[in-house]
Each structure stands twice: as structure tokens, then as C-alpha cells.
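> Listed here are the chains, written in short residue letters.
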Amino acid sequence: MHSIQRTLLGWTLGALTLGGMVVALTTYLLTLEEMHEVFDADLKNVAQGVAAYHQAASDSDTLALLRSPVRNDVPEDVEIVTLSWRPSGEKVFSSDPRVPLPFTAQEGLHRAQVQGEEWIIYSNVSAQGVAQAAQSLAARQQMASESALKMLSPLLALVVGVGAMLVYGLRRGLQSLDVAARDVASRSARSLEPIAVQGTPREITPLVLSINGLMARLEVALSAQRRFTADAAHELRTPVTALRLQLQLLQRSETEAERKQAISELGDGIQRSQRLIEQLLHVARSDPDAQPSKVEAVDLSDLVRVAVGAFSAKAEALGLDLGAELAGQVRVQGDAEQLRVLLDNLLENALRYTPRGGVVDVSATLQDGRPTLQVTDNGPGIPLAERQRVFDRFYRGEDAHLQARDHSGSGLGLAIVKAIAERHGARLDLADPPAGQGLRVRLTFGSAAD
Amino acid sequence: MRILLIEDDTMVGKAVRTGLSQAGFTVDWVSDGRAAELALANGVYDLAILDLGLPRKDGMAILVSLRAAGQTLPVLIASARDTVADRIKGLEAGADDYVLKPFDLDELIARVRALLRRHAGSASPVLRCADLALDSSQKTVLKAGQAVDLSAKEFAILEALMQRPGAVLSRERLEESVYGWGAEVGSNAIEVHLHHLRKKLGAETIKNVRGVGYRVAQR
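Top to bottom, those sequences are chains L and X.
The working numbering runs 10 ahead of the 1-based position in the first sequence.
The working numbering runs 51 ahead of the 1-based position in the second sequence.
Excised from the complex, chain L in its bound form (with noise of 0.2 angstroms):
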């Protein structure tokens, strides 16, 4: 898993190493050639003290008194080795004969490969002879080395330090997360109290209150549905009591006659608490928060016409004239499924509550180029007052039990339509027909389908 401390620690730690390195390798360079300087102008001086010698004692003549040292010692680390030669390029003397310069008459610094080593040489050259001064690269390249790793061990204590530091600090800032965390997780899934933004820090502030709008939110939507349980269960409670009476009642029924009237009405007692259930499940499924729904191309005249085809002869039963008006195809895209339900609880309202000798007109229509589905009834209609309160889950009309035809209605109709018509984005109104009596019902869809 991503690790915000460890991330931090190895971003932190890297740059420190790299720099350290980085400042290991300039203190290299920069001491090389700081000691070339020096140690160059050494060489000259030491070369000159041996010319000086070389003059005086070949003034005296003393030089071939001289004699070079026999060395078996380990060379000191930057040891300048002097030598003197005669003009002719005899080798006078040599502070460490084992290191086989060659001879030079040409005066000033230059480099020489002596024994497989390179070093650097000054020459310096009279009339006497010439007087050398030599230095082993090698050996000031180590010296410089030297002085460039001991810098590097406070480099180290430093990484060390901060790496710790770091880790201490990040545990501190990191602890209130830890705090959120507990809280969070003792919490029982009923609790949806927003997390103390108090105390945390800033950079975590905005996923506190990130997740405390969700929790909000949450909150909202679970109280709803606990109202619409408890909603629910109490309107199961009218069909129960109807089914048990009616069960009663069977039981109870002494003659033939009443046997069959009992019998036929505990079957539509059982229709009726079947119908409540189904619509409580459209209902659920409905909902905006259910799982999304199949979008396809849906034909609007397709769905009308299947429509008023299946409730056509329910509607002659009841001397309804049914009718439908079709203007080719009006698509729009939307769940087929749950635009049938929609439709088929407009239609059941209209035939449920339009008198005998009425007329329901169904349309799928495109309206301002928008694809417009239209139920227009001459029934009783719904006061200006109720239009509103209608969409509610389990309203019924103040004055609907009179005006029903049968009263298997249970409340959820429209609440049914809203919730599938806000879930395809569209708009529903509730008007007066233009005859001017009864009811009509118009769904707007946003735009039409290609």
C-alpha cells in the first residue's frame, strides 16, 4: 500500500545522499586543485634552494664531494624528491635514488611517466646545471581523497539525523489521523455524526469534511428510507386487516351464497395486497439512489400504443373511451422498463377515476422539438390545491374516495411516475385539459434520441 511517511522518507533521505555525494565529489576537485597550486609553488621554491645549493657548492668546489642518500624507508605521503644534474645531464645527487626522473633541460613544471606512476616535476635550469624538485600525483590525488571522505561522515550523521527526525515528526503530524481513524472505526453503522474537524491538520482538514458531507448525505438518505419502512409497514396493515376479516368472514359463512361473496372477496383482497406490493417495489427500484438503470433508445409511440393496447379492453368494461395519438417515432433515451411502469400507473389513475362515458387520450408527441408523453382524462381532475401534495408516497386525494371507481389504490402511483420521470431528467406537470374539465398529466424528456 502507498505510504504517505514512507514516500516522504525516501524522497528526503535520496536528496539528502545524492547532495552528500555531491558535495563529497566538489570537495575532491576543489581540494586537487588547491594542493596542485600549493604544492606546484613548493616544488618551484624547493627547485630554486637546490639550484642555490647546487651554485654554491660548485663555487666551492665541493659538489663531487656529494652523495646521494641510500633509502629503504616508506617516502613520507607527499614527499618532494630533489635532485641536481650537471650540465651534460650527469646525475649529481638525488634525495630518494629509487625513483629513476629523468633528466631535463628545459625550465619549469612538467609531468613525467616514472615507473608506471605519473609526477609532476620542476626544473630548474643554469649554467651550472639543472636543479629538479618532483612530486607523485598519486599521492596529492589520495591527500585530496582523504580530506574529501572525512567530510563525509558528518554527511552521514546528518542523513541519520534528519531520517530520524523526519520519522518522529511525520508519527506526531500523522498521530490525529490515527485519532479520526479510532473514532471512525468505533463507531456502530447507525452513527453518522460528522468527525470532529477540531485538532486535525490542515492538510487533512478537507477529506474530514469531505467525508463528513458524505456522512450528511448518508444520513439523509437512510432516515428516508427508515421513514418510507416505517411508512410502508403501516400501509401493509389496511390490506392485512382486510384479508383477515375477509378470512374471518369465509370462516364464518353458513350458506353457499355466502361462501362464494366471501371467497370472491378475499381474492381481491389478495389482489389488492399483491398490487400494494408490487408498486412498493417499483417504488424501491425507482428510487435515485437504486442501481442505474439499462439506457436504450426507447420509442415513446412504441410504449403508448403496447400501452393502450393492453389496457383497452379494461377500459371498453368500463364504458372508457381509450384513444391514442401518435406522431411516428418520438425517441428518447431512457429505461424501457420503468417508462412502461410510469405509463401504466398514469393509465390505471385515469381508468380508476375517469366516470363512465369519459375519454383518456394518450400521446407521445415532440413539442418544441422535445419528446412530450401527454395523458389527458375528462374525470373529476385534482384541486390546484392537491397538486403538489399528490406526488407525495402514499397521499390520496381528499375527496379521491368518492371519486374512485375501486379502491385498490394505494398512494404510490404518482410518487411511482415523479421518481421515474426525475431519473430520466424529465419534467411533470399537472394541468387542466384544454376542454377545461379533468386532468392532464405531461411529461417533458430533455431532448430527443438520435
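Among the hints, a few may not be true.
Said to hold, decoys possible - Straight-line C-alpha distance at most 20 angstroms; calculated DMTMM-like pairs for lysine to aspartate or glutamate:
| hint | chain 1 | residue 1 | chain 2 | residue 2 |
| --- | --- | --- | --- | --- |
| 1 | X | K108 | L | E408 |
| 2 | L | K428 | L | E396 |
| 3 | X | K190 | L | E264 |
| 4 | X | K108 | L | E245 |
| 5 | L | K101 | L | D71 |
| 6 | L | K428 | L | E288 |
| 7 | L | K160 | L | E43 |
| 8 | L | K324 | L | D354 |
| 9 | X | K108 | L | D71 |
| 10 | L | K428 | L | E358 |
| 11 | X | K258 | X | E226 |
| 12 | X | K204 | X | E223 |
| 13 | L | K304 | L | E245 |
| 14 | L | K54 | L | E117 |
| 15 | X | K108 | L | E396 |
To be clear, the hints were calculated from the coordinates, so they are not data collected in a lab.
Got chain L sorted already, so can you dock chain X onto it with the hints?
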């Protein structure tokens, strides 16, 4: 006994009406609050069964205004509102009993009978007058200890008379307590039933107060 059933659900209302009628009660059924108020204003009912969630006027409001008007008829609330608070509210507003939906038909009938008895001032289900004993739950009548076979209407008329011993009840009053709305009542139907009653129980049992009505004999 005439009962007003106030219930907005058609199926429940129909079943309760059938059940109560089979138990010998006369039942009028209204399905909204305003119709209930109009019916109660008549003052002809012995008891009301009241649902609370009603269209047009809430059951609780009906109960409150009924009691405010000084009407004392027993009221039995039959509701799906199941919290203790709802029940307390209903009883404090003046209801005499509270049954929860879904309820049992037998229990409802037993509670209705108990309320009627208590209202008539007697906890016993048997009404007594002279040598007559009428058991409204068993639907039996004893005359000097001998069982008498009565039709449902004859029984209802006798019950109405025995509920108010000594009081003279008019023919119209008897009609109201025996027949529900819309029942086809012949102009002399009550007289016919009374004639049969007097034949079965003896002419002296039910007195005719000419021009006023009828009453049961006290001795």
C-alpha cells in the same frame, strides 16, 4: 343496536359491516370525516367505530368535536396507528376503547358488546325486565326461564326497548335502531314485528302508549 362505522378503506369497511350485521347489529357505514360528522349529528347511534386516518376530516378531530358537543355515545377507535402515544391520545380525547389493525372480528364484536353493556349501566351481558331475560351476546331470550325463539328483527326491537326500561320509544326511533340506511322499511313493518313479539311473549309484556310509542312492562 345501531352502530356507525367510520372507515375509509372499502374492503375493511365492507367486511366489518358484514361481520357486525351477522352478529345482529344494525350498521351504517361512512367513509370520510365529513359524512361521519353529519351522521353523528343525528344522535341515533348506540356506538361508533372510528378509524383515525380519514379523508376530509381526521378521526381524532371528529372525536374531539363529538365530545365537545356533549355526545356520550361509546366510541371504539380501530386504527393502524400503533404507538402507545397514539393510543393514549385517542383515549384521552374521549374514546372508550382502542383496537389495533389488523384486528380480529370476534374480538371487535366482543368489545362492541362490552362497551354497549357498560354504557347501559350494566356489566352483565344479560338485560332483565320483569320475568324477561335477554342475553345480547348469546342472542337468547328467556321468558320465566323458558327460551323463546325470536327472529333477528324481533330480537333487535326487544333489545332496544329493554335497554331503556320504562322509556317510551316511538315507532320511528325503533325503526332507526333496527334498520340501517337504505333498508326498505314497510310503513307498518315495526308494528308487524311488535305483533309477533307480543304473541310470543304475551300481550302484557310490551305496552302500547297510544299516539306515542311502546315500552316494556316493568313488572
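> With reference to the structure, classify each hint as holding or not holding.
Status of the hints after comparison with the structure:
| no. | hint | in the structure |
| --- | --- | --- |
| 1 | X/K108 x L/E408 | holds, 9 angstroms |
| 2 | L/K428 x L/E396 | holds, 15 angstroms |
| 3 | X/K190 x L/E264 | holds, 17 angstroms |
| 4 | X/K108 x L/E245 | holds, 19 angstroms |
| 5 | L/K101 x L/D71 | holds, 16 angstroms |
| 6 | L/K428 x L/E288 | holds, 17 angstroms |
| 7 | L/K160 x L/E43 | holds, 17 angstroms |
| 8 | L/K324 x L/D354 | holds, 13 angstroms |
| 9 | X/K108 x L/D71 | violated, 147 angstroms |
| 10 | L/K428 x L/E358 | holds, 15 angstroms |
| 11 | X/K258 x X/E226 | holds, 17 angstroms |
| 12 | X/K204 x X/E223 | holds, 15 angstroms |
| 13 | L/K304 x L/E245 | violated, 30 angstroms |
| 14 | L/K54 x L/E117 | holds, 10 angstroms |
| 15 | X/K108 x L/E396 | holds, 15 angstroms |
In summary, the numbered hints that this structure violates are 9 and 13.
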